[in-house]
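Asker: In case you want the letters, here they are:
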Amino acid sequence: MKAKRCPLAILLILSFLSISTAAATRKTQTRKPCKSMVFYFHDIIYNGRNAKNATSAIVGSPQWGNKTILAGQNHFGDLVVFDDPITLDNNLHSNPVGRAQGFYLYDKKEIFTAWLGFSFVFNSTRHKGSINFAGADPLMNKTRDISVIGGTGDFFMARGVATLMTDAFEGEVYFRLRTDIKLYECW
Amino acid sequence: MKAKRCPLAILLILSFLSISTAAATRKTQTRKPCKSMVFYFHDIIYNGRNAKNATSAIVGSPQWGNKTILAGQNHFGDLVVFDDPITLDNNLHSNPVGRAQGFYLYDKKEIFTAWLGFSFVFNSTRHKGSINFAGADPLMNKTRDISVIGGTGDFFMARGVATLMTDAFEGEVYFRLRTDIKLYECW
Amino acid sequence: MKAKRCPLAILLILSFLSISTAAATRKTQTRKPCKSMVFYFHDIIYNGRNAKNATSAIVGSPQWGNKTILAGQNHFGDLVVFDDPITLDNNLHSNPVGRAQGFYLYDKKEIFTAWLGFSFVFNSTRHKGSINFAGADPLMNKTRDISVIGGTGDFFMARGVATLMTDAFEGEVYFRLRTDIKLYECW
Numbered sequence: 006m007k008a009k010r011c012p013l014a015i016l017l018i019l020s021f022l023s024i025s026t027a028a029a030t031r032k033t034q035t036r037k038p039c040k041s042m043v044f045y046f047h048d049i050i051y052n053g054r055n056a057k058n059a060t061s062a063i064v065g066s067p068q069w070g071n072k073t074i075l076a077g078q079n080h081f082g083d084l085v086v087f088d089d090p091i092t093l094d095n096n097l098h099s100n101p102v103g104r105a106q107g108f109y110l111y112d113k114k115e116i117f118t119a120w121l122g123f124s125f126v127f128n129s130t131r132h133k134g135s136i137n138f139a140g141a142d143p144l145m146n147k148t149r150d151i152s153v154i155g156g157t158g159d160f161f162m163a164r165g166v167a168t169l170m171t172d173a174f175e176g177e178v179y180f181r182l183r184t185d186i187k188l189y190e191c192w
Numbered sequence: 006m007k008a009k010r011c012p013l014a015i016l017l018i019l020s021f022l023s024i025s026t027a028a029a030t031r032k033t034q035t036r037k038p039c040k041s042m043v044f045y046f047h048d049i050i051y052n053g054r055n056a057k058n059a060t061s062a063i064v065g066s067p068q069w070g071n072k073t074i075l076a077g078q079n080h081f082g083d084l085v086v087f088d089d090p091i092t093l094d095n096n097l098h099s100n101p102v103g104r105a106q107g108f109y110l111y112d113k114k115e116i117f118t119a120w121l122g123f124s125f126v127f128n129s130t131r132h133k134g135s136i137n138f139a140g141a142d143p144l145m146n147k148t149r150d151i152s153v154i155g156g157t158g159d160f161f162m163a164r165g166v167a168t169l170m171t172d173a174f175e176g177e178v179y180f181r182l183r184t185d186i187k188l189y190e191c192w
Numbered sequence: 006m007k008a009k010r011c012p013l014a015i016l017l018i019l020s021f022l023s024i025s026t027a028a029a030t031r032k033t034q035t036r037k038p039c040k041s042m043v044f045y046f047h048d049i050i051y052n053g054r055n056a057k058n059a060t061s062a063i064v065g066s067p068q069w070g071n072k073t074i075l076a077g078q079n080h081f082g083d084l085v086v087f088d089d090p091i092t093l094d095n096n097l098h099s100n101p102v103g104r105a106q107g108f109y110l111y112d113k114k115e116i117f118t119a120w121l122g123f124s125f126v127f128n129s130t131r132h133k134g135s136i137n138f139a140g141a142d143p144l145m146n147k148t149r150d151i152s153v154i155g156g157t158g159d160f161f162m163a164r165g166v167a168t169l170m171t172d173a174f175e176g177e178v179y180f181r182l183r184t185d186i187k188l189y190e191c192w
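First to last, the sequence lines map onto chains A, B and C.
The working numbering numbers the first residue of the first sequence as 6 and each following residue consecutively.
The working numbering numbers the first residue of the second sequence as 6 and each following residue consecutively.
The working numbering numbers the first residue of the third sequence as 6 and each following residue consecutively.
Honestly, the hints are just simulated from the structure, not real lab data.
One thing to keep in mind: the hints can contain errors.
Claimed, not checked - Using 30 Å as the maximum straight-line C-alpha spacing, the simulated BS3-like pairs for lysine-lysine come out as follows:
no., chain 1, residue 1, chain 2, residue 2
1, A, K37, A, K133
2, A, K114, C, K133
3, C, K133, B, K133
4, C, K40, A, K187
5, A, K72, A, K57
6, B, K133, B, K57
7, B, K187, B, K40
8, C, K57, B, K40
9, B, K114, A, K57
10, A, K37, A, K147
11, B, K187, B, K72
12, C, K37, C, K187
13, C, K133, C, K72
14, A, K187, A, K147
15, C, K133, A, K72
16, C, K72, A, K187
17, B, K147, A, K133
18, B, K72, A, K72
19, A, K187, A, K72
20, A, K72, C, K57
21, A, K72, A, K114
22, C, K187, B, K37
23, B, K187, C, K187
24, B, K114, B, K72
25, B, K133, A, K133
26, C, K133, A, K187
27, C, K147, C, K40
To be verified - Restraint-style ranges between C-beta atoms, simulated for each label pair:
no., chain 1, residue 1, chain 2, residue 2, range
28, A, S99, C, S41, 40 to 50 Å
29, B, N128, C, G77, 18 to 28 Å
30, C, E175, A, N96, 47 to 57 Å
31, B, I116, C, K147, 39 to 49 Å
32, B, G53, A, K133, 25 to 35 Å
33, C, R36, A, N100, 41 to 51 Å
34, C, E177, A, N71, 19 to 29 Å
35, A, H98, C, S41, 47 to 57 Å
All residues carry an ideal CB built from backbone N, CA and C; glycine is no exception.
Please build the complete structure, drawing on both the sequences and the hints.
Answerer: Structure representation (structure tokens):
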């Protein structure tokens, strides 16, 4: 009766395997994103003479700084609020698909580094909802990773990582960031 | 020997099914909150004459702003720190059940929008612990969703979405936000 | 033919069990961290006379404050940007293993409380990557919990809780925080 070899023992082992697999799902997950997107956003900082075009402004600065010129010491302590257009390509004049809104602050005296807290806000036929970001931006590195800490609407409960790349930097007034978003938790 | 029909193949299929189910658990989750709560919080901004009652203060502003009057251009660039009472109903004078603490910043020149980073801090018999929030608040919309990015104590490791509604707005000194919190990850 | 006792019914039950286990994994999780770490970080605030040693600076303040002295009313409204060395022990002069970068803001008039948004940034053989934090810090309490809201590199997609303890506090210029990080989601 070979069929006896399909015993409870095997079932239990199988069951155990299934359970283990379930429990380990998160840990052994291959790092394959459930959603990938690439966007660009464009920041034009207010310098006292570009009120019309500016998309951001210095709102906090250290004792040695002011509100129209980024401070000495690698802008340490400058806090900038922004409402930047998001585009699908690297052209400032392309049709914006959303807005990047929030703040960055320069946080190191010796080199340029920043800390970011912001959202991508979409309200188009393509995307509705927001993606929320936070993290350190050592902006002299070619690529830097920050966290996707949450999302709403189309991006409900999203989590992931966004890789930032400085795509252009002109004087101290304009920069453009390429943002490669990879979501690893999608609902 | 019909028993041979309980073969390894079936076990493997079953095993595969179990694994797939485990892996898909998160994705097929119905969007049913594991915890829902409604709170109100009340913000009285310092205007130079209400030091005693004020629960918030402008601490950063653009070049064209100051610390006692919200700036022109839809308050773009104003950064406000707050410690606001949380109540269970919409009455400012109800017994506070906690404090909403953190900041908001106005981040658009053309209309009122804000970005929020704050916590609900509870220390009562009812709730102990904190809920941390971040996200964009396009405050002219009737409802806006921000992210619950974490929690501690009773709200250990919480994630979810909070829907904000402006419940009252009086001049530029007082506003009240209704906050519908829905947690989708509870530990 | 006893082998018939290995029927579909049992398989289905088993399958159901596996599925249930998978679905419940998150909720029944014991609160056992997948990673625990202890670090110290050291904050020396700029006071107008310590430019060389300072690791942080006041960049926002309420109307009654300034940029070199923490404001009255328990520093309510002071916003501080920092780039603090992280060490493995409580010695400021130990070899830093990373930098704590971000901001804190004092947010209560009656007692000292703060709100924190920052990252631990590592770039050594030991650790590469960042851990992102946010949360309320009622700093008069012996221990306070904030959220680990994300991570990158070695800390890819991390979530957890960090317990802060004030390990030293000297005048209003230096403080040292012990940070016990417990991650409950590791990838």
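Asker: Can you tell me whether the CB distance of R36 of chain C to N100 of chain A sits inside 41 to 51 Å?
Answerer: Distance hint for R36 of chain C, N100 of chain A holds at roughly 48 Å.
Asker: Given the hint that K147 of chain B pairs with K133 of chain A, test it: the Cα-Cα distance must not exceed 30 Å.
Answerer: 16 Å, holds
Asker: Is the straight-line distance between the alpha-carbon of K133 of chain C and that of K72 of chain A 30 Å or less?
Answerer: 35 Å, violated
Asker: Hey, K37 of chain A versus K133 of chain A, does the alpha-carbon distance stay inside 30 Å?
Answerer: The hint holds at about 24 Å.
Asker: Between K187 of chain A and K72 of chain A, does the CA-CA distance stay at or below 30 Å?
Answerer: The hint is violated at about 35 Å.
Asker: Starting from K37 of chain A, check that the Cα of K147 of chain A is at most 30 Å away, please.
Answerer: 22 Å, holds
Asker: Starting from K133 of chain C, check that the Cα of K187 of chain A is at most 30 Å away, please.
Answerer: 19 Å, holds
Asker: Is it true that the C-beta distance of N128 of chain B to G77 of chain C lies inside 18 to 28 Å, as the hint says?
Answerer: 25 Å, holds
Asker: Hinted pair, alpha-carbon criterion (30 Å max): K72 of chain A, K114 of chain A. Please report holds or violated.
Answerer: Holds, at roughly 18 Å.
Asker: Are the Cα positions of K57 of chain C and K40 of chain B separated by 30 Å at most?
Answerer: 50 Å, violated
Asker: Using the beta carbons of S99 of chain A and S41 of chain C, state whether their distance is inside 40 to 50 Å or not.
Answerer: Between S99 of chain A and S41 of chain C, where Cβ atoms are some 47 Å apart, the hint holds.
Asker: For the pair supplied as a hint, K72 of chain A and K57 of chain C, is the alpha-carbon distance within the 30 Å limit?
Answerer: The given pair, whose Cα atoms are some 23 Å apart, holds under the 30 Å limit.
Hints 3, 8, 11, 13, 15, 16, 19, 25, 32 from the earlier list are contradicted by this structure; the remaining hints agree with it.
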